[in-house]
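Chains as they are written, first to last, in numbering that gives the first Met the number 0: chain U, 0 to 326; chain Y, 0 to 291.
These aren't lab readings, by the way, just hints derived from the structure by calculation. Glycine residues also receive a C-beta, built at the ideal position from the N, C-alpha and C atoms. Take the hints with a grain of salt, since some may be wrong.
With beta-carbon atoms standing in for the labels, derived distance ranges [said to hold, decoys possible]:
id: 1; chain 1: Y; residue 1: Arg232; chain 2: U; residue 2: Gly39; range: 31 to 37 Å
id: 2; chain 1: U; residue 1: Leu161; chain 2: Y; residue 2: Ala73; range: 46 to 52 Å
id: 3; chain 1: U; residue 1: Val309; chain 2: Y; residue 2: Ile81; range: 47 to 53 Å
id: 4; chain 1: U; residue 1: Leu129; chain 2: Y; residue 2: Lys125; range: 38 to 44 Å
id: 5; chain 1: U; residue 1: Pro312; chain 2: Y; residue 2: Ala73; range: 40 to 46 Å
id: 6; chain 1: Y; residue 1: Ala109; chain 2: U; residue 2: Ile260; range: 50 to 56 Å
id: 7; chain 1: U; residue 1: Leu3; chain 2: Y; residue 2: Gly250; range: 38 to 44 Å
id: 8; chain 1: U; residue 1: Val10; chain 2: Y; residue 2: Pro67; range: 51 to 57 Å
id: 9; chain 1: Y; residue 1: Ala109; chain 2: U; residue 2: Ser136; range: 50 to 56 Å
id: 10; chain 1: U; residue 1: Gly38; chain 2: Y; residue 2: Pro67; range: 39 to 45 Å
id: 11; chain 1: U; residue 1: Asn37; chain 2: Y; residue 2: Ala77; range: 53 to 59 Å
id: 12; chain 1: Y; residue 1: Gly213; chain 2: U; residue 2: Leu191; range: 32 to 38 Å
Output of the computed footprint for chain Y on chain U, the stretches with three or more beta carbons under 8 Å from beta carbons of chain Y [claimed, not checked]:
id: 13; segment: 5 to 14
id: 14; segment: 45 to 53
id: 15; segment: 99 to 105
id: 16; segment: 165 to 175
id: 17; segment: 181 to 192
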Amino acid sequence: MSRLMMCLIAVLFALVTASFLIGPAALGVGESVAALVNGGDTPAAMVMREIRLPRVLLALMIGASLGLAGAAMQGYLRNPLADPGLIGVSGSAALGAVLSIQIGIAGSVAFALPAFALGGALIGVFAVLLLAGPRGSSLTLILAGIAISALAGALTSLVLNLSPNPFAANEIVFWMMGSLADRSMVHVAIALPLIAVGAVMLLSLKRGLDALTLGEDAAAAMGINLHRLRLTLIFGTAAVVGASTAVAGAIGFVGLVVPHILRPFVGARPGALLWASALGGAIMLLAADIAVRMILPERDLKLGVLTAIVGAPLFLHLIYRTRREGL
Amino acid sequence: MSSLVFVRTFKSLKRVIAGAFLASAIAAPCFAQMPARVVSMNLCTDQLAIMLAAEGQLVSVSRIALDPHVSAMATEAAAYPINAGRAEEVHVLRPDVVLAGKYSSRETVALLRRLGIEVVQFDIVKSLDDVAATMMQMGVALGREARAAEMAAAFEADLAALRADLAGQTVEDMPRAALYYANGYTSGDSSLAGEILAAAGLRNAPAEAGYAWGKLPLEMLAMIAPDVMITARRYPGGSRAEAIMDHPVIGSLRGASTAAALTDHDWVCGTPFVLRAIGDMIEARSAAEGDG
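Bound-form chain U, shown alone (with noise of 0.2 Å):
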C-alpha cells in the first residue's frame, strides 16, 4: 500500500515536471524554473506563473476530484461501471454552469459559476440515484445515468444555441469533453474551495465504504449511518464534480478507468481505493493533458477524447463481464 503510494507519488511528480516543461514558448529547463520560482515582469514568468502553472493545478486538482468520485461511487453502489461522466452528474454540472455563464451572473459574481454548477451536478446525482434506487442494479443505473446525460447535453445544447454570442453554440463540444487550455488562477481561485470540500467529504467515507462491502446490514450494525453516508456522497460528488466541471467542462472516464486499474493494488478496499484513485486521477488527467499539447499542440483537442478513447473499451470490457457474470 505505501509503496503503491510512493510509486504513484513519484510518476505524479515526473508529469508535473514535464506539465511544466511542455509547451509552445520553447524555454529551457533553467530559465523555465527560474521564471516560476522568481516571478517577476519578464514574459517568462507570466508563460510560467499564468499560463502552465493553473494549467497543472487544475489537472492535479480535478483529476483527483474525477477518480475521487468515481472510486467513492464506486465503493458506496458496489457497482464497478459507476462513473461521474457516464452516470450523467458531469453532464448536469455543465448545463448548470452554461446556464450560469449565458444569463450572465457568473460575469458579475465569482462564485456563481461553481455553485450553478454544483447545483447542477446535485440534481443529477439525485436524479440518478431516485431513478437507480439505493442499490440500483448495473442496468438501471447506466440506464438511468444515460436518460440524465442525454437530457442534460440537450439542455446545454439549446441553450448555448439560443445565445446572442455567436461563439457560444461552437462550445458545445468544450463543455461536452473538457479541455484546460488558457485557463487562469482565477480559475483555480473558482474551483478549489469547493473541490477542497468535496474531497474531505469523499475521503470522510473510508470507513464507511470498507463496512459497506460486508452488507448495509452489518455496516449498520458495525455504527455506520447509512443515511448520512449517502448524503456525504451526493453532497461531496456534487461538490468535486460541479468545481471542476464548472472551469475544465465534462471530462468522461477517469472515475471509472482509475478505480478500475487500482482496485487489485489495495487488496479491493474501497476505503484504501479513495487515496489511491486521487492520485490516479490526477496522474491520468495530467498525461491526457501532456499528451493533447503533444499530438495536436495548434488544435485543442479536447480531454475527453483522450479519456474516452481509454476509458471507453474498458467500458465495453466491464459490460461484458456484467453480463457474463449474470449481475
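Since the structure of chain U is already known, use the hints to place chain Y on it.
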C-alpha cells in the same frame, strides 16, 4: 501628421458614402442592362450594394447586415427588407440578380440558378489592392459602372496618400502590434487585417514570429509582448472563446502595452470603411510612439 491623414481619410470616406446616396437619389436611370431588382445575401455585398445601388434597385439585404458587430452599415441596412439567405425567400422577392459570397451555401446558389435567377458571386477580399476591383465588380453587377469607378478612384487615391505617408519609414522603427481574436486566433500579413496594420505603419508581431494565420498560443503572445494589443469587440452573452480576453496575461499585456485598440465592423469587408480602420490604427500607432 498622422492625425491629419486620419481626418482626411475620414472626410473623404464620408464624401464617398454621401456621394453614393446622392447619386442614387437623383440618377436612378433605367438603363437596359441595369437589373431592376437586386437581392444581396452576403454581409460584404450588402454594404457595397447599399452604397452603389440606384434608389429602389436593392430590394433586400442579409440578416447579418443588421449586426453592428460586423456590419459597418447596420443603420442603413435597417431600411431594407431582410433575408436569411434561404432560396425560397430570395426567390419570392423575384430578383433579377442575386449578390452572394463565394462561400455562400452552394445548395442555395445552385437552386437559385436552376430557378433561372442570375447569381453573381464575390470572392472574399483578402488584400487592400482587391478592394477597388471588388467595387468595380459590384458596379458591373448593378449596372452602375460609373458610380463604382468614382468610388474606386476615391478609394485608391486615399489609400495611395496613406501609403505615401509611410514612405521612407523603416520597419524596425514601427511599433509591434498583435491581433488577438476570440479563441486566440490571429491574422497574418496576407489578410485584409494584416494589410490594414501594414498600411497604418504597424508591424504584425505574431506573423513575424511565424504565426501567419490561425491559433496564436497564449504563451507565444506573452513571449511576443507586443507594443499594441488589438482585440475584437465582444458580443453580448458569454462564451469561452471570448473569455480568453479576461485572462490575466491579456490584462497585463494591455497594461504594459503602450496602446490597446479594438477591431470592429470596419475590418470585416473590403469596403471604403477599411480606410477608417486604417485611421484607427494610425491613432493607436501615434499613441504607442508618443508613449514609447
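Inset, instruction - Mind taking a look at whether chain Y covers the segment 165 to 175 of chain U? Criterion is 3 or more residues with CB to CB distance under 8 Å. - result: holds (count 6)
Legend entry - Within 8 Å of chain Y's CB atoms, at least three CB atoms from the segment 99 to 105 of chain U: coverage verdict: Per the Cβ count (4), the hint holds.
Inset, instruction - Hint says 46 to 52 Å; check whether the CB-CB distance for leucine 161 (chain U) and alanine 73 (chain Y) agrees. - result: This hint is violated: roughly 22 Å between Cβ atoms.
Inset, instruction - Could you see if the CB distance from valine 10 (chain U) to proline 67 (chain Y) stays within 51 to 57 Å? - result: Because 53 Å falls inside the window, the suggested range holds.
Inset, instruction - Using the beta carbons of glycine 213 (chain Y) and leucine 191 (chain U), state whether their distance is inside 32 to 38 Å or not. - result: holds, 33 Å
Inset, instruction - For glycine 38 (chain U) and proline 67 (chain Y), compare the CB-CB distance with the range 39 to 45 Å and indicate the outcome. - result: holds, 42 Å
Legend entry - Verdict for proline 312 (chain U), alanine 73 (chain Y) (Cβ pair) under range 40 to 46 Å: violated, 52 Å
Legend entry - Range agreement (Cβ of lysine 125 (chain Y) with Cβ of leucine 129 (chain U), hint 38 to 44 Å): violated, 57 Å
Inset, instruction - Mind checking the hinted window 50 to 56 Å against the Cβ distance between alanine 109 (chain Y) and serine 136 (chain U)? - result: About 54 Å separates the Cβ atoms of alanine 109 (chain Y) and serine 136 (chain U), which means 50 to 56 Å holds.
Legend entry - Hint check for glycine 250 (chain Y) and leucine 3 (chain U) - Cβ pair distance inside 38 to 44 Å: holds, 43 Å
Inset, instruction - May I ask you to test the hint 31 to 37 Å on the CB atoms belonging to arginine 232 (chain Y) and glycine 39 (chain U)? - result: About 32 Å separates the Cβ atoms of arginine 232 (chain Y) and glycine 39 (chain U), which means 31 to 37 Å holds.
Legend entry - Whether chain Y covers the segment 45 to 53 of chain U (at least 3 residues having a Cβ closer than 8 Å to its Cβ atoms): holds (count 5)
Hint violations for this structure: numbers 2, 4, 5, 13, all remaining hints satisfied.
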